[in-house]
Amino acid sequence: MTHLPFIAASYGVTAVAVLVLTVQAVLRLRRARTRLAQLEALRKTSTR
Amino acid sequence: MSALPQSAVSPPQRGGLLHRFANPGRFLRLARWLTPLLGWISAVALVAGIIWGLFFSPADWQQGDTVRIMYIHVPMAILASAGYFALAICGVLTLVWKHPLADLAAVEIGPVGATATALCLATGSLWGKPMWGAWWVWDARLTSMLVLFFLYLGHIALIRAFDDPQRGYRAAAILAIAGSVDLPIIKFSVNWWNTLHQPDSITLTGAPTMSMSMLAPLMVCMIGFSCGFGALVSARLTAAILESRARQMMTRRIAEREEAA
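As they're listed, the protein sequences go chains Z and D. Here our numbering is used: the first residue of the first sequence is 1, the next is one more, and so on. Here our numbering is used: the first residue of the second sequence is 1, the next is one more, and so on.
Don't take every hint at face value.
Stated by the list, open to error - Computed list of lysine to any residue pairs in SDA-like fashion (alpha-carbon distance at most 25 Å, straight line):
no.: 1; chain 1: D; residue 1: Lys-129; chain 2: Z; residue 2: Ala-8
no.: 2; chain 1: Z; residue 1: Lys-44; chain 2: D; residue 2: Leu-215
no.: 3; chain 1: D; residue 1: Lys-129; chain 2: Z; residue 2: Ala-15
no.: 4; chain 1: Z; residue 1: Lys-44; chain 2: D; residue 2: Glu-259
no.: 5; chain 1: D; residue 1: Lys-129; chain 2: Z; residue 2: Leu-4
no.: 6; chain 1: D; residue 1: Lys-187; chain 2: D; residue 2: Leu-215
no.: 7; chain 1: Z; residue 1: Lys-44; chain 2: D; residue 2: Arg-252
no.: 8; chain 1: D; residue 1: Lys-129; chain 2: Z; residue 2: His-3
no.: 9; chain 1: Z; residue 1: Lys-44; chain 2: D; residue 2: Lys-187
Simulated from the structure, these hints should not be mistaken for lab results. Small disclaimer: the values here were computed from a predicted structure and weren't measured.
Input sequences plus hints: build the corresponding full structure.
Next up, the structure:
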């Protein structure tokens, strides 16, 4: 392949950015779900 | 995807089309199946499109293999503009209808759109160096794209800059609408001015000027990145709604405790 370092750098930087955004979104979603479930459980125990 | 907590999903409400989609509970029910669907379509299309583009599509007769950067650069450029257009639509919905979901959507679209713009600029630069002999030129297309990146950064900063979130949403909405002037400039810059950047190879009105053997993997990559963009925004928006619900529950709990005390 001609200009391989430029092609590899393009794909590499894109892969890193997409991976970071994906992991960040998944972790944030998981944290938000857990937090809400905890608060719901707390509310249920306090209303009993 | 696991089931959402009960407090996250409010009962369906009746109303006009706009207000139906202003209901966060309705969005959460939609996102529960839409986010993983978009994510899987994106993953499959990106693997197929990138392998096709890197190993099976032909090299360009002038640019050689460097043309393979196109399979990332072009989708990122289109998504950067589309993302900002979505921000402008959210801005109109915020200012005219005070659409609560549009406010949260604007907060979440900004960073994803800014990343697409940064990737468009970075891959463009990596394509430009071997082809033009320069990492950067102050060409109309490149400069208007850089302006779009700064508009995204301004939007991200402005929407989070106020203690009262409503003020941030309104200020950022005005910036998004005013900044959308840059979108036609980006699109038509290669026609209006004599630029180093090549003219568009794909237009809505004319036949594409590139070979089908290159256009097909480009379209597959375009579908992959677009679905990925949608999945990311949908996941971030879901998280934002759940965080907002958790904050409301905490505030209510504190208020109840204070009342009891």
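So, going through the hints one by one against the coordinates:
1. Among the hinted pairs, Lys-129 of chain D with Ala-8 of chain Z is consistent with the structure: their alpha-carbon atoms are about 14 Å apart, no more than 25 Å.
2. The suggested pairing of Lys-44 of chain Z with Leu-215 of chain D is violated, with an alpha-carbon distance near 56 Å, which exceeds 25 Å.
3. Taking the CA atoms of Lys-129 of chain D and Ala-15 of chain Z, the gap is about 21 Å. The hint holds against a cut of 25 Å.
4. Distance check on the hinted pair: Lys-44 of chain Z and Glu-259 of chain D sit about 19 Å apart at the alpha-carbon level, within 25 Å; holds.
5. Of the supplied pair hints, the one linking Lys-129 of chain D and Leu-4 of chain Z holds, its CA atoms being roughly 13 Å apart against a limit of 25 Å.
6. This hinted pair checks out: Lys-187 of chain D and Leu-215 of chain D have alpha carbons roughly 19 Å apart, not beyond 25 Å.
7. As the CA atoms of Lys-44 of chain Z and Arg-252 of chain D are separated by approximately 14 Å, the hinted pair is consistent with the 25 Å bound.
8. The suggested pairing of Lys-129 of chain D with His-3 of chain Z holds, with an alpha-carbon distance near 10 Å, which does not exceed 25 Å.
9. In summary, the hint linking Lys-44 of chain Z to Lys-187 of chain D is not supported, as the alpha carbons are separated by about 55 Å, beyond the 25 Å threshold.
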